[in-house]
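Residue numbers (our numbering), protein chains in the order written: chain H, 1 to 199; chain E, 1 to 331; chain W, 1 to 426.
Since the hints were made in silico from the structure, they are not lab data. These numbers were taken from a predicted model, which means no experiment stands behind them. Hints may contain errors.
Unchecked claim - Taking lysine-lysine and the DSBU-like style, the derived pairs with C-alpha atoms no more than 35 Å apart in a straight line are:
id : chain 1 : residue 1 : chain 2 : residue 2
1  : H       : Lys67     : H       : Lys197
2  : W       : Lys398    : W       : Lys421
3  : W       : Lys398    : W       : Lys4
4  : E       : Lys49     : H       : Lys98
5  : E       : Lys177    : E       : Lys274
6  : W       : Lys4      : W       : Lys249
7  : W       : Lys134    : W       : Lys249
8  : E       : Lys271    : H       : Lys67
9  : H       : Lys98     : E       : Lys57
10 : E       : Lys177    : H       : Lys67
11 : H       : Lys52     : E       : Lys58
12 : W       : Lys398    : W       : Lys387
13 : E       : Lys274    : E       : Lys199
14 : W       : Lys396    : W       : Lys134
15 : H       : Lys170    : H       : Lys67
16 : E       : Lys271    : E       : Lys199
17 : H       : Lys98     : E       : Lys58
18 : E       : Lys274    : E       : Lys87
19 : W       : Lys4      : W       : Lys421
20 : E       : Lys87     : E       : Lys49
21 : E       : Lys87     : E       : Lys58
22 : E       : Lys49     : E       : Lys271
23 : E       : Lys57     : E       : Lys271
24 : E       : Lys274    : E       : Lys49
25 : H       : Lys197    : E       : Lys58
26 : E       : Lys177    : E       : Lys271
27 : E       : Lys199    : E       : Lys58
28 : E       : Lys199    : H       : Lys67
29 : W       : Lys134    : W       : Lys240
30 : W       : Lys421    : W       : Lys134
31 : H       : Lys98     : E       : Lys87
32 : H       : Lys98     : H       : Lys52
33 : E       : Lys49     : H       : Lys52
34 : E       : Lys199    : H       : Lys98
35 : W       : Lys387    : W       : Lys4
36 : E       : Lys57     : H       : Lys52
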Amino acid sequence: MRHVLNAQDLPADARVLLDRPAIDAVLTQMAAEIQAMAWPRDVELPLADRPKPWLCGIQRGGVALAKELAEVIARDYGWTPELGAIDVTLYRDDTWLKGPRAVEGVTRLPGDVSGQRVLLVDDVLFTGRTIRAALNVLMDFGRPEAVRLVVMADRGGRELPVAADLTGRKLDVARHESAELCVDGQNRLLSVIVRPKNP
Amino acid sequence: MLPQVEPGQTPGTDTLPQAPQEPLRHLLGLEHLSAEQINSILDLAAHMKAVNSRRIKKLPTLRGVTVLTFFVENSTRTRMSFELAAKRLSADTMSFTASSSSLAKGETLIDTARNLEAMGPDIVIIRHSCSGAPALLARTVNCGIVNAGDGSHEHPTQGLLDIFTLRERLGDLRGKKVAIIGDIAHSRVARSNIFGMQKLGVDVHVAGPATMLPHAIEDLGCTAWPRVEPAMEGADAIMMLRIQRERQGNDLIPSSHEYHRFFGLDEQRLKLAKPGALVMHPGPMNRGVEIAPEVADGEQSVILQQVENGVAVRMAVLYLVGASRGLEPQG
Amino acid sequence: MTEKPLLLRQVQIFDGEMVLNGAVDVHIADGRIAAVGHGLTVAGADVIDGYGKILAPGFVDLRACAREPGDEHEEDLVSLSDAANAGGFTAVVVNPDTTPGNDDHAVTELIRRRAREYGHCDVMPQGALSHRLKGETLAPMGEMSEAGAVCFGDGDRPMTSPRLLRRALEYARGFDRPIFTHAIDPDLAGSGTIHEGPWSTRLGMRGIPAAAEHVIVARDIAVTQLANSRLHFARITTAKSVALIRAAKAEGIRVTASVTPWHLTLTDAAMVDYDVNLKLIAPLRTEADRQALLAGLTDGTIDAICSDHMPVNIAGKALEFDYAAPGAIAIQTALAQVLACVRAGELPLRVALNALTAGPRRVLQMPSARVESGAVADLTLLDPQAKWTLDAQTNKSKSRNTVLWGQELTGRAVLTLFHGKVVWRA
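Make the full structure from the sequences, and use the hints.
See below:
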C-alpha cells in the first residue's frame with residue numbers, strides 16, 4: 001500500500017489500472033456479492049439466525065479496503081459488518097531470506113473468532129503466500145466457522161494453491177511489475193497502479 | 001489508573017510508522033544501540049505482548065530455530081522467561097547450566113562454547129558471572145548471542161523490559177526523572193538502564209551509599225547521589241535494586257538494618273517522588289531491606305508487570321536476532 | 001672463535017646517548033668490534049648493507065618471564081633467547097616466579113647454565129627476595145649473587161611487609177645488588193582486574209585504583225632512603241608514581257624505574273573489547289598517565305623500558321577475562337611498539353633507544369655498552385621503517401598471547417649479534 005497526497009501525485013513510471021470511479025464500481029459490485037454469498041451452514045439456519053461475517057483486512061491495504069467495503073454494505077444493505085485487522089509479519093515464510101522486518105500494523109479481531117464467519121479481505125492477490133500466513137494468524141485465535149477470501153484485484157502469479165472466493169477485478173500485470181493500492185492520508189482508497197518492481 | 005499508551009501507534013489508525021528494521025546480530029548490551037533501535041525493539045515487543053494475551057500464545061516465527069540457554073550463573077527466573085519467549089516463537093530450546101563445574105574439569109569457556117556450537121544452536125542466550133563473557137562468546141562461535149546478564153556489566157533484556165514498562169505507563173520518556181537506587185557498582189541492571197533510558201531522553205539519577213557508587217559513574221551521563229532523597233525527589237519512577245545478602249558483612253554497608261533505614265524505599269520516602277510515581281524492582285526482592293513490603297505490594301508498584309513484559313521483550317529480541325541469522329552467509 | 005668476520009656497511013651508530021651523524025662501516029671479528037671507520041674492506045667477510053639502519057648496543061630487558069623451570073610448554077630459556085634476539089635484545093633479566101621459584105643458588109645456576117649452553121643471550125636471573133617468594137624471610141641472596149643473580153625481588157608478588165623490604169634492601173647492599181619491586185597494595189587493589197576509572201565503570205569490571213600503586217611507591221621510596229640502598233620499580237603505570245620518583249631522585253634517593261611498551265602506547269580505553277591479552281598485572285591506565293610516563297622517560301625519571309614479557313599458554317587465555325591468566329608476550333614487539341611513540345612525536349628516538357640500551361645497564365650498574373673498536377660485539381642493527389607482522393611464521397616465543405598478533409608493525413631488529421655471533425637475522 002502506498003500513501004499519496006492526491007490521485008495525481010503518483011510515481012512517474014506508474015500506470016493507473018483502477019481510478020476512484022472504477023473503485024467505486026468495484027466496491028458496489030463486491031458488496032452485492034458479499035450480500036449474496038452462501039455459507040456452508042446456511043441450509044441449517046433460518047435466514048434471521050444466520051451470522052453476519054466479519055470483514056478482516058490484511059495489513060495494510062486490506063484494512064483500508066475492508067473499511068470502505070463495510071461502508072458500502074451499510075449504505076446499500078443496511079447492516080454494518082464488524083471489522084478486524086490481521087498483520088502477517090510474524091507469520092511470513094521469508095523471514096530467513098529477508099531478515100527481520102518491522103511489524104506493519106496491529107492484529108485486532110472484534111471478538112472471539114471461534115464459530116465466526118470471516119471474510120479475509122486483501123487489496124491485491126498475487127503469490128498467495130500472504131493469504132496462507134493470514135489464515136494461520138486467524139487459526140491462532142480460534143476455530144472460525146468458515147473463512148472466505150475477498151480481494152479487490154487478482155493479478156495472477158500464484159505460488160500456492162490459493163484462490164479468491166470473490167474477486168473485484170482481474171488485472172493483467174507482468175511478473176516484473178508490481179500492482180499497488182494507493183490511499184490518501186486518511187487511508188481512503190485512491191487508485192490501483194502498476195509500475196516496474198523496485199530493483 | 002494511569003493511561004495506557006500503545007507504543008509506536010498513531011492514535012486513530014491501525015497502522016504503524018514504517019521504519020526499516022535493522023538486523024540485530026547479537027544483543028550484548030544497550031550501550032551500543034541507538035534510540036531508534038531500542039524503540040523498534042519495544043514496538044515489536046508491544047505486538048508480542050498482544051500475542052501473550054491471546055488464547056493460543058504462539059507464533060510460528062522461529063520454527064526450526066534452536067535456542068540454547070547457557071547459564072554459567074544460576075538464575076531460574078531469567079532462564080524461564082527466555083525459554084518461554086523462545087517457545088512462544090516456536091523455537092526449539094535446550095538448556096545448559098554449567099555453574100562452574102565444567103571449569104573445574106579444566107575446560108575453558110571457549111572449549112565449552114565450541115562443544116555447544118557443535119550441536120547447532122542458532123541463538124545462544126548466555127548468563128555469566130564475568131563481565132565480557134558474552135562478547136568473548138560472540139567472537140568465538142557462529143551463533144547469535146543474547147546477553148542474559150554478564151557480571152556487573154549489562155543485562156540488556158532487563159533494561160529493555162524496564163524501559164518498556166516505563167514507556168507503557170508514562171508514554172514519551174523525554175524529560176522524565178527516574179531514580180535507580182542501590183548497589184550501582186555491582187549492578188548490571190543499573191548499567192543497562194543508565195545506557196538505555198538516557199538514549200530515550202530520561203533524566204537518570206542513581207543513588208546509594210557511596211561505597212556502592214562506582215568510580216566516575218557520572219561520566220555515563222547520569223547524576224549520582226550518596227543519599228537517596230535528592231534522587232527520589234520529584235521522580236516519575238523509582239527503581240530499587242536488590243541488595244545482595246552475601247555482600248552484607250563485607251565493607252560496603254554496615255548492616256541491612258542500617259541500609260533499610262537510610263537507603264530503603266518505604267511509604268514515607270515514596271512521598272518524595274511525584275504522586276503516582278512508579279515503583280520498580282528487577283527482582284528478586286529483599287522485603288524489608290531495599291523495599292518495604294507495603295510499597296512492593298502497593299498500587300504504585302509495577303513489579304509484576306515488569307515480569308510479564310519481560311517475556312514480550314525477550315520474544316522481540318529473539319525474533320530480531322533469529323531473523324537476522326537468516327542474513328548470515330550459511331555453511 | 002671460528003665465526004666468519006662481519007662487515008656492516010653504511011650504518012648509523014647509536015652510542016647509548018644519541019644517534020651519531022653520518023654512516024660508517026663496522027668490522028666485527030672474534031666476538032668484538034674490530035674497527036669502526038669509513039670505507040672499510042675486510043677479505044672474506046660477510047658484508048651486510050646497513051644503509052638507513054641504526055647500529056645500537058644490544059638491548060637489555062629488565063623484566064621477562066622465561067617459564068623455565070616448570071612451565072616449558074609456555075616458554076623456555078631457548079625460545080626466550082630466540083624471541084629476545086629477534087626483538088633486538090642480547091641480555092634479559094628473568095623473573096624468579098618459576099616452578100620451583102628461583103630462591104636458591106641451585107635454580108640460579110640451572111638458569112645460567114641452560115642459557116649459557118645455548119649461548120644466544122645473556123640471561124640474568126632475578127633472585128627471589130624471600131624464601132619461597134612468600135614475603136616472610138630473606139632468601140640466600142649471597143649465594144644467588146655468586147651464582148649469577150643480578151638483582152632480587154619476588155617477581156610479581158606484592159611486597160606486603162615494609163620491614164622485610166627494609167631488611168632486603170640493607171642486606172643486598174653487601175652484594176651491590178638492587179631490589180626490584182612490583183609496586184601494588186594488594187589490599188587496596190582487591191580483586192580488581194583493570195584500572196579503576198570510567199572504563200571499569202562502563203564495562204562493569206572491578207577496578208585497581210591508581211592509588212594502589214603510588215601508596216606503595218611512596219612507601220618504598222621512604223624505605224629505600226631508610227635502608228640507604230638501591231631499589232628499582234619494575235613497571236610503574238601512574239602519573240603520581242612518576243612524580244614521586246622524580247622527587248625522590250632529586251633528593252638523591254637511589255630509586256630507578258622502568259615502564260612497559262604497553263603503558264607507553266595504550267590506555268584503559270583499549271579494554272573495551274575485554275581482550276584477555278590486555279589483562280596485565282600492572283593495568284593499563286589513563287591517557288594522562290600515559291603522557292606522564294612518556295614525559296618521565298624523556299626527562300630521565302624513568303630509566304628503562306622493559307618488555308614485561310609474560311608468555312601464557314592458550315588454555316590460560318581462552319577464558320573469561322576474570323579467570324584468564326594475566327600478561328602478554330612483548331619481547332619481540334617492544335621495539336616496534338616504542339618506535340610507534342617515536343613516529344607519533346611522543347618520544348625522541350634517542351630517549352627510546354637509551355631506555356632499551358644504556359638505561360637498563362645503568363639500573364644494573366653494568367658497564368656501559370659502546371659501539372667502538374674493542375668492545376664486545378653485543379649489537380643490534382635496527383631498521384625503523386621495516387614492516388613486519390607477528391604471526392606463526394615470525395613468532396619465536398612458544399606462546400602467542402598478544403593483541404598485536406597478526407597486525408602489521410613498523411620497525412624491527414634486522415640483525416642481532418651476541419658476542420659477535422649472528423643470533424638473529426631478519
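Hints versus structure:
no. : hint                : in the structure
1   : H:Lys67 / H:Lys197  : holds (28 Å)
2   : W:Lys398 / W:Lys421 : holds (23 Å)
3   : W:Lys398 / W:Lys4   : holds (30 Å)
4   : E:Lys49 / H:Lys98   : holds (24 Å)
5   : E:Lys177 / E:Lys274 : holds (10 Å)
6   : W:Lys4 / W:Lys249   : violated (46 Å)
7   : W:Lys134 / W:Lys249 : holds (30 Å)
8   : E:Lys271 / H:Lys67  : violated (49 Å)
9   : H:Lys98 / E:Lys57   : holds (25 Å)
10  : E:Lys177 / H:Lys67  : violated (42 Å)
11  : H:Lys52 / E:Lys58   : holds (28 Å)
12  : W:Lys398 / W:Lys387 : holds (22 Å)
13  : E:Lys274 / E:Lys199 : holds (22 Å)
14  : W:Lys396 / W:Lys134 : holds (32 Å)
15  : H:Lys170 / H:Lys67  : holds (21 Å)
16  : E:Lys271 / E:Lys199 : holds (28 Å)
17  : H:Lys98 / E:Lys58   : holds (22 Å)
18  : E:Lys274 / E:Lys87  : violated (39 Å)
19  : W:Lys4 / W:Lys421   : holds (9 Å)
20  : E:Lys87 / E:Lys49   : holds (14 Å)
21  : E:Lys87 / E:Lys58   : holds (8 Å)
22  : E:Lys49 / E:Lys271  : holds (32 Å)
23  : E:Lys57 / E:Lys271  : violated (39 Å)
24  : E:Lys274 / E:Lys49  : holds (28 Å)
25  : H:Lys197 / E:Lys58  : holds (34 Å)
26  : E:Lys177 / E:Lys271 : holds (15 Å)
27  : E:Lys199 / E:Lys58  : holds (32 Å)
28  : E:Lys199 / H:Lys67  : violated (38 Å)
29  : W:Lys134 / W:Lys240 : holds (28 Å)
30  : W:Lys421 / W:Lys134 : violated (40 Å)
31  : H:Lys98 / E:Lys87   : holds (22 Å)
32  : H:Lys98 / H:Lys52   : violated (38 Å)
33  : E:Lys49 / H:Lys52   : holds (30 Å)
34  : E:Lys199 / H:Lys98  : holds (28 Å)
35  : W:Lys387 / W:Lys4   : holds (29 Å)
36  : E:Lys57 / H:Lys52   : holds (27 Å)
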